[in-house]
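Dock the two chains into a complex; use the hints.
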Amino acid sequence: KAGVTQTPRYLIKTRGQQVTLSCSPISGHRSVSWYQQTPGQGLQFLFEYFSETQRNKGNFPGRFSGRQFSNSRSEMNVSTLELGDSALYLCASEQGVGTEAFFGQGTRLTVV
Amino acid sequence: AQTVTQSQPEMSVQEAETVTLSCTYDTSESDYYLFWYKQPPSRQMILVIRQEAYKQQNATENRFSVNFQKAAKSFSLKISDSQLGDAAMYFCAYRSAMATNKLIFGTGTLLAVQP
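Residue numbers (the numbering used here), protein chains in the order written: chain A, 1 to 112; chain B, 1 to 115.
The hints are all genuine.
Label pairs and their in silico Cβ distance ranges:
id: 1; chain 1: A; residue 1: G58; chain 2: B; residue 2: N58; range: 25 to 33 Å
id: 2; chain 1: B; residue 1: S74; chain 2: A; residue 2: R63; range: 31 to 39 Å
id: 3; chain 1: B; residue 1: Q56; chain 2: A; residue 2: K13; range: 45 to 53 Å
Worth flagging that the hints you see were computed from the coordinates, not collected in a lab.
Just so it is clear, CB atoms sit at the ideal spot from N, CA and C, and this is done for glycine as well.
Okay, chain B solo, but in the shape it has when bound (with noise of 0.2 Å):
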């Protein structure tokens, strides 16, 4: 079974620097997805960034980025230039490739950004 670990509870960060979160995850499988997801206090899940296994270059998506270390099951999300809307909680997650649309979460980082 497929099994993802956010290490990181909380973090914290200042306004306008730069802010690295932590998601290690254990899978047989050689094709999958691996996103980063934001939850606000509305609740409401918002995608930041998807990766797929099969690419080697890291995906970017303006202030955010990911280091994917496909050997060492490795995904870190790298939040530049913190700004305040981006204090929130953040879950790693993966999906297999295979013909499912199911997620798996890790335990989630709560990120606070101080101004």
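In isolation and in its complexed conformation, chain A is listed as follows (with noise of 0.2 Å):
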């Protein structure tokens, strides 16, 4: 069975572009959930995604979005990108709710 898989793995980005990370989840699997790691704040929770609905949000300004297709597969944008959005951002697969997070290897970004 596949993991799950964020694309791309690496990405280097200037101030002021937009960026689009995608995760698909484990097949199966209907809950997706989004991660931002730094090493100022830590694992910071994003979103959360069930079957195309956005269940959960966590606190970070609105240039962050996210959506999931039929297919279970998500994508996060961040717009008007500014150089605090260097990070690592982890996407988790679940199959329902309350079951074991599977994650991602992440996508490492890169604002200069």
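What follows is the structure, given as structure tokens:
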């Protein structure tokens, strides 16, 4: 069974640009959550999707958005990038609610 | 709001020895889950062990076991017979049982294993 796939693995963007990150969950999993990991703030929850519906959102500005498609794949978008958005973005996939979370290897975003 | 605190930024253990990582949390909820995740240099988070708050029995997975003290809101991880492959960042995490998959993480403990 394939694991959680995040693309791209590495990304360099310029301040002011926008970026889209992709997460393909494990087959049959309907829940996808996103986390931002930085040395200063640690691991912070961004949002959670279940069957195409956003069920929960973390305390991030509106520049951070996401969506989930009917095949459970999810994308997150960050507009008007700032230097502080440089981070490892992790995606977690789950079969349902309260089940085990399986993480992808993350996308390392660098904003210059 | 729930919080998770890991007070040990770094720990070191000799191979084959036992080490305990500490975690405390704060919540007003009575039903929740607690987890320990391992993040090796590959960055991929791996579930080590899970504890349901309603279960009094401490969870065990091979060399990994927890000491769950619900009243004290404490959730420590014991690694027995430490191996070089155990070297990683370890995160304690909390999840409400209220229909969400949101995880709240502690700041992590970097574990070094000395040969």
